[in-house]
Amino acid sequence: MAEALVKHAFTGAGHPPAKATFDLMARPTAKTGLLSWLTTVDHKKIGMLYGGFAILFFLIGGLEALMIRTQLMVPNNRFISAQLYNELFTMHGTTMIFLAVMPLNAAFFNLLIPLQIGARDVAFPRLNAFSLWTWVVGAILLNVGWLSHFFPSWNFGGAPDIGWFGYAPLTSKAFSPDISTDLWVLGLQVLGLSSIVASLNFIVTIINLRAPGLTMMRLPVFTWMALVTSFLLILALPAIAIALVEVMMDRNFGTNFFEVSGGGQPILWQHLFWVFGHPEVYILILPPMGYVSEILPTFARKPLFGYPIVVFSGVAIGFIGFGVWSHHMFTTGMGTVATAAFSIATMAIAVPTGVKIFNWIGTLWGGQITTRVPMMFALGFIWMFMLGGFSGVMHAAAPADAQQQDSYFVIAHFHYVLIGGATFALLAAIHFWFPKFFGRMVPEVWGKVSFWLIFVGFNCTFFPMHFLGLNGMPRRTWTYDSNMGWNEGNMFATWGAYLLGVGIFTYFAVLVWSLFKGKVCGNDPWDARTLEWSIPSPPPEHNFAAIPTVHARDAWWYEKTHKDEIAAEKAEHIKAEEAHGGIHMPDQSWYPLFSAFGLLVGAYNFAQLHHPVVMFGNQVLASHLPLAITGGVIMASALYLWALEGPAGYHLHIAADGKVTESRGGH
Amino acid sequence: MSSHAATGHIDHHHDHTTTTGIPNKKLLWWAFLASDCMFFGALISTHLVYRLNPPPGNAIPTQIFNIELTSFSTFILLMSSLLMALAVNAIQHGNLKSTRTMLLGTMFFGCIFLGGQVYEFDHFVHAQKMTLSNSIFGSTFYTLTGTHGTHVAIGVLLLGMMYVRTFKPATGGGLLKNIVHLAAVCVVMGVSFIWFVPDLIQAVYGANISELLSAHAKPYAAGAAALAAVFWFARTGGAVDFGEQNAIDVESIGLYWHFVDIVWIIIFTAVYLLEYL
Amino acid sequence: MSAPATTADAGHHEPSKFHFYIAIAMILAVITGVEVVLVYLPIAKWFVVTTLLLLSAIKFLFVIFFFMHLRWDKVFCTILFFIGLVLAGGTMWALLHLFGADASKPLSSAALDFARLAVG
Amino acid sequence: MTSPRSAPRTFSRLTTALFAGLSLIFLSGCKLTEIFNLSGPQSTMVSAGPVAKAQWDLFMVTVWVTTFIFIVVGAVLAYAQFKFRAKTEADEHATPPPQGHGNPFVEIGLIAGSVLLLVIIAIPTLRGIWYTHDVPEDEKANAMEVTATGYQWWFKFEYPSEMVPLPTGGEAPLVTGNELVVPAGVPVRVQLRTVDVIHSFWIPKLAGKVDMMPNRGNFLWFKADKPGYFYGQCAEYCGESHAIMRFRVIALSAPEYARWLENQKQAARTVTAESLAAAAATPTAKFASLKFEAGSALAASPGFDANPLAAWQDMQKPEPGENAQLIATGRKLFADKTCISCHAVRGHEGIGITGPDLTRVGARTTIAAGVLENTPERMHAWIKDPNHYKPGNKMFNGGYVDVDTGTAKFQLTDPEIDALVAYLHSLK
Ligand code: HEA
Ligand code: HEA
Ligand code: CUA
Ligand SMILES: [Cu+2]
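Protein chains in written order, with the working numbering: chain A, 1 to 667; chain B, 668 to 944; chain C, 945 to 1064; chain D, 1065 to 1492.
If we strip away everything but chain A, and leave its shape as in the complex, we get (with noise of 0.2 Å):
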């Protein structure tokens, strides 16, 4: 599916804009309202809809996890049904890791990178818009199913119920007979389709958008941690796409890739799902570690300690990372030999791990420490990661990890690394951004009352899970008996989670009561280090009037202390772009969405491949195919004159008052 990218080549960027020869529709210009968020190229839109929709469905998979936690409380509950909580556990792993975490992070990516690095947006604006709608269809090909619980003529058979990470053969026709599993199929393809797209964008944007002076060495941690992982997401993706092309050739081909009769091996599904699966994991945190990255230095007043190894520890980290994928294969007989070799692989990793959390104490260590809100997270992180970390070796341990796998041990491991460490960085990050972008402070005070509540609640919730974990209880199970010492461990889980789930509402509503109430704030209210906050919050379109020059690390807080060399410069580069002809901005665009919207279409049709088309109670067609193939061409031809469009776009003069004109034509 990566394929459709190549029909990018045509977006024109780089030259400049030509006449418009084919407008068969009005190229949209609205800057407000809800076309203007529709076809937004503007990196700052598309990462504020990233950001939503990735809270919204945070929300989701936590109330999905709280339906577990409620069927989990007492022995024998009878709350929810067998069938029903295998979906929730699926969808719960899926949504948390798909559609919560990464889009998160896409999100941050979108908002920081163009920000951070002095450029006005990112290489291939209505490419990253396409990178957005595409989630979006990924997002409801995956949630489409929970519609049969509520109409049961809608017959998807229910969310998919294979576990997240599917093994096969569970996932072939013989044993997973409904659509819901095509349609998870599809939509992790979907999604990872737009990860692919998406990263290839910030891959482009991060080397060669950068503003004059920002060498590889003076690029802000979170950028380069934003590269690593897209390099990461463009190299392991591929192994998963290809895994799930061969069960959904499989299932609708009759294919043998992991049919045990037609001698296939499921293992291998296993083998490159985890080829995918670890270096995702630390697509996961490596964002993060970013986040606190920043913010450590920021609240302590001081550079971060050792910057260069924390970069080549974060690269480290995403090399390694290719290379220890069967740890979660370590029970399936994999013979002495390699499970020695993923071990020792696996423990290596700790090393530049290590490092990293060597180095944030090194930057506490002589600062000065104000303990603020976005601080005490990335504290919390800290803390609650190095502890997620220790898990990890003792899994990492094979002959150990026999007695731990699929246990609720694993449950404990990573809700401590994805939690404790993505999770805590993530409301890190919004609460030290959220001024930037909304120009409004979030209340101190509500702050800490969320964060005591979350860290507080999180711990009661998955503290006593490495003891339920050594105490045998196995994971996925939807019930388990009164005589296995589980009882009190998991109510108190469970209460823990009902806490936990109380400090996330609190942190959300107190966002969103800043919204609208919070005290405005002006360009720095932390008194940080990099480049985004030189501007105004929030930022206006074209982010930087002039693009600054860099002369160091931490260029703001270069700029902060060389004010008047700093404004000379500035004045000269406005000066010399008006020149030019001003500041150029790419114009709105319908076909990225429109694009998608054929890729729903599309999607949505395939998986349903073998079903009758069946309209008002009458069967009109044997097959979706030709409204899967419909949807195809809607995509493909909407690509095509998105190709044709080309980039087009306007121009923005800034006087010297600061005061901001728009004109057309041009070139």
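Be a bit skeptical, because a hint or two may be false.
What the hints assert, rightly or not - Simulated pairs of lysine-lysine, DSS-like, Cα-Cα distance not exceeding 30 Å:
id, chain 1, residue 1, chain 2, residue 2
1, D, Lys1329, D, Lys1458
2, B, Lys835, C, Lys961
3, D, Lys1147, A, Lys560
4, A, Lys173, B, Lys796
5, B, Lys764, C, Lys961
6, A, Lys448, D, Lys1396
7, A, Lys560, D, Lys1151
8, C, Lys1049, D, Lys1204
9, B, Lys796, C, Lys961
10, D, Lys1151, A, Lys173
11, A, Lys173, A, Lys563
12, C, Lys1049, A, Lys173
13, A, Lys519, D, Lys1151
Said to hold, decoys possible - Computed list of chain B residues with no C-beta within reach of chain A, every gap over 10 Å:
id, residue
14, Ala698
15, Pro721
16, Gln795
17, Leu799
18, Tyr809
19, Lys835
20, Ser877
21, Ala884
22, Ala893
23, Phe898
24, Trp899
25, Phe900
Quick caveat, the hints were computed from the structure, so don't treat them as lab data.
Where a beta carbon is used, it is the ideal one built from N, C-alpha and C, also for glycine.
Use these hints to put chains B, C and D with the ligands onto chain A, whose structure you have.
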């Protein structure tokens, strides 16, 4: 802006508006190709894993393959790569006419390759009785070479679009003309997908491809007519908005096309030749 | 969108590579021919395999460095592509070894028949 | 700075206290099992054999090493958080501290230290991998082989070295279902097979899990130090009723095992009025408590847990008040209601292989793969509505109800079920 760019000579390899001097599109494509390596890496791994540990009753490749045909296809693909390189070379020197010829030639060779593949699949299915589902070798072989074939087909489509684009008029076309143009493109895509793709799938299942082709003679004729119409409407007598400054676009497609070629180089060795030892 | 454009200064026109490309293509064609003949020659198997791998590697490198211009581009393009190539190669290597290991051999055909029977 | 005055900086102190407490919990290791009731029937902390023991010992190595690191790193972090905090409003606006950039010597030292600590974990890990992989050479000779096969959602066990005659002629390995009986003190090598999806074979107190992979010849080994009754569980998600795909392992002393085996190899027990009269004096016992109650409250009743092995031994003996008449009716119903097409009762009519072998189902402590206690009431409830206790199970779907059409294949009345239960419980 006419085809012979007024901007003077262009340094094709360095773009001074980017930090590294590498044009954005070129970087995008190289990054994508790095990613595509993993795609084919996973696919080829799947094929080899099953090939090296075959289940009982697996198909025997050497009894199925037709190495002469495959060698010929390999040669054809190599030559199309040459034409592609020449097309890029031509546009970099502002030679639009030669660019068009080379693009058409590349497409033509690509189509021969695809035709060879269709023939090969048809032959394997009917003469050799190897289908997608009756052996694991069939599953991995068709999926791997089919994915490669899909890449080639997409390449041909892109080249076609690029060819049409070389005629993009400098002064704007009429609305009606544009609509006709779009409709023709849709018809071509619709025909090729709605009939051709299911036919191909059915062929791999065991249906007879020449029967399928003749059964759908009319729609294919309609498709061919529409294709001719697109090319007709695309032609412009006047000044065109395409020239040396678009070299990067042609070069991008070229990168993709060459990549598909090198993937075939590997497939040819790993999937075909090594079987004969 | 990016830094203020310093206009593309008028670079030199490189000489046309027309004949060069044709020469490359001929070499590639010849190598392919050699490959096909090679498999039928009665020489040691290990030798043929190594030669085949070597020859296709040479073809591969010719295409990426000449047709795909890497030789004349900034090295970063080469690095970028080789990151993907090396990781893909490494993953393939690891997978083939994992599946080649004794512990990973699939069950015998008897067991397979059993599975077939049980599934129906 | 526009933010309000920050709240009291209790953060560092609270976290330090919390983690000191938590690490104490980790440190106290074994005693913990009692404090927190961590010696449940599936506890990995209470090993009953050398494999589980090796795994637990390695785990404790990882715990000690990481706890050490946590204390050191945590202490430094807590100290930094506390020492360098801005104590007053003025502090926050003071001139920034020196903008130092790092220290390569510290970095390299810490990296070296981490590597060293990892080596401490890596060595026993490697040793453990080879030790837990297969029966040690010197014990190979007296190791016993069994084959365990996973089905959605129950286990079949075969004893390849114990051949029994088949009704159709020929011989086949002895088969049991859901309860694996082995001799204590003998290494057991379990071949792991599956007929459908991936399952995983896990007896926490005896050995960590190994998956049952389709098309793969996996195996695992364990040894029970002493006779005992052990809980097992499928540990790989395998569909709707994965949660309740359980099994039991019973380790017996050598003589008791021999006696058990001898009995197993006989054809199914047939109860007639005469045989009852002859055995009138048989001492009988009833299997202990009821506690696997769906929807039941928290408390576990102590009876069964007190001595499950004794409870198992009791189950081996015929029950009081057997009714030959009723049993004969049950046996007939078992054939009439098509039960025999899925279940084997060796020596009787049953020949099916898609469900568990029921030749000695009356002697099991649990039915339906560890879900229900094997009392007549539970058995009755199971036969009446298997889907209530195990959603999606293949006895209901496909056996009682045609999956394609959703229609019932046969009906059972309560008296009929009573007869079936009497029959099945007579199979000891
Ligand atoms: C954000 C995501 C994230 C991160 C960062 C990690 C980090 C690590 N993970 Fe984790 N992991 C998951 C997410 C993550 N994991 C998920 C989701 C699963 C389950 C998937 C599923 O089954 O559903 C999983 C499962 C998982 C397993 C498989 C368990 C099983 O199923 O049996 C293993 C096994 O080795 C493992 C190991 C590790 C290790 C060694 C690290 C290391 O990177 C940790 C390194 C960090 C530290 C060690 C702490 C700080 C270091 C120091 C202070 C230095 C000194 C320390 C030492 C010298 C030890 N993880
Ligand atoms: C980033 C990833 C992530 C995150 C953040 C979480 C968050 C949580 N998860 Fe987990 N989880 C996974 C990733 C994640 N999870 C994965 C990958 C699996 C494995 C799945 C599988 O096995 O396939 C898993 C599995 C998993 C299980 C095991 C299920 C099983 O194996 O049977 C449990 C059980 O307790 C659990 C609990 C929780 C809880 C209580 C939270 C809490 O942190 C949630 C907190 C959030 C809230 C409580 C929401 C609060 C919101 C409101 C109250 C407002 C709601 C209102 C509106 C919607 C408007 N998760
Ligand atoms: Cu079998 Cu889970
Ligand atoms: Cu992992």
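Against the structure, the hints:
no. : hint                    : result
1   : D/Lys1329 <-> D/Lys1458 : holds, 28 Å
2   : B/Lys835 <-> C/Lys961   : holds, 27 Å
3   : D/Lys1147 <-> A/Lys560  : holds, 27 Å
4   : A/Lys173 <-> B/Lys796   : holds, 25 Å
5   : B/Lys764 <-> C/Lys961   : holds, 17 Å
6   : A/Lys448 <-> D/Lys1396  : violated, 72 Å
7   : A/Lys560 <-> D/Lys1151  : holds, 25 Å
8   : C/Lys1049 <-> D/Lys1204 : holds, 22 Å
9   : B/Lys796 <-> C/Lys961   : violated, 47 Å
10  : D/Lys1151 <-> A/Lys173  : violated, 64 Å
11  : A/Lys173 <-> A/Lys563   : violated, 67 Å
12  : C/Lys1049 <-> A/Lys173  : holds, 26 Å
13  : A/Lys519 <-> D/Lys1151  : holds, 25 Å
14  : Ala698                  : violated, 5 Å
15  : Pro721                  : violated, 7 Å
16  : Gln795                  : holds, 17 Å
17  : Leu799                  : violated, 5 Å
18  : Tyr809                  : violated, 8 Å
19  : Lys835                  : violated, 6 Å
20  : Ser877                  : holds, 22 Å
21  : Ala884                  : holds, 19 Å
22  : Ala893                  : holds, 13 Å
23  : Phe898                  : holds, 15 Å
24  : Trp899                  : holds, 17 Å
25  : Phe900                  : holds, 12 Å
Of the hints listed earlier, those the structure fails to meet are numbers 6, 9, 10, 11, 14, 15, 17, 18, 19, in rising order.
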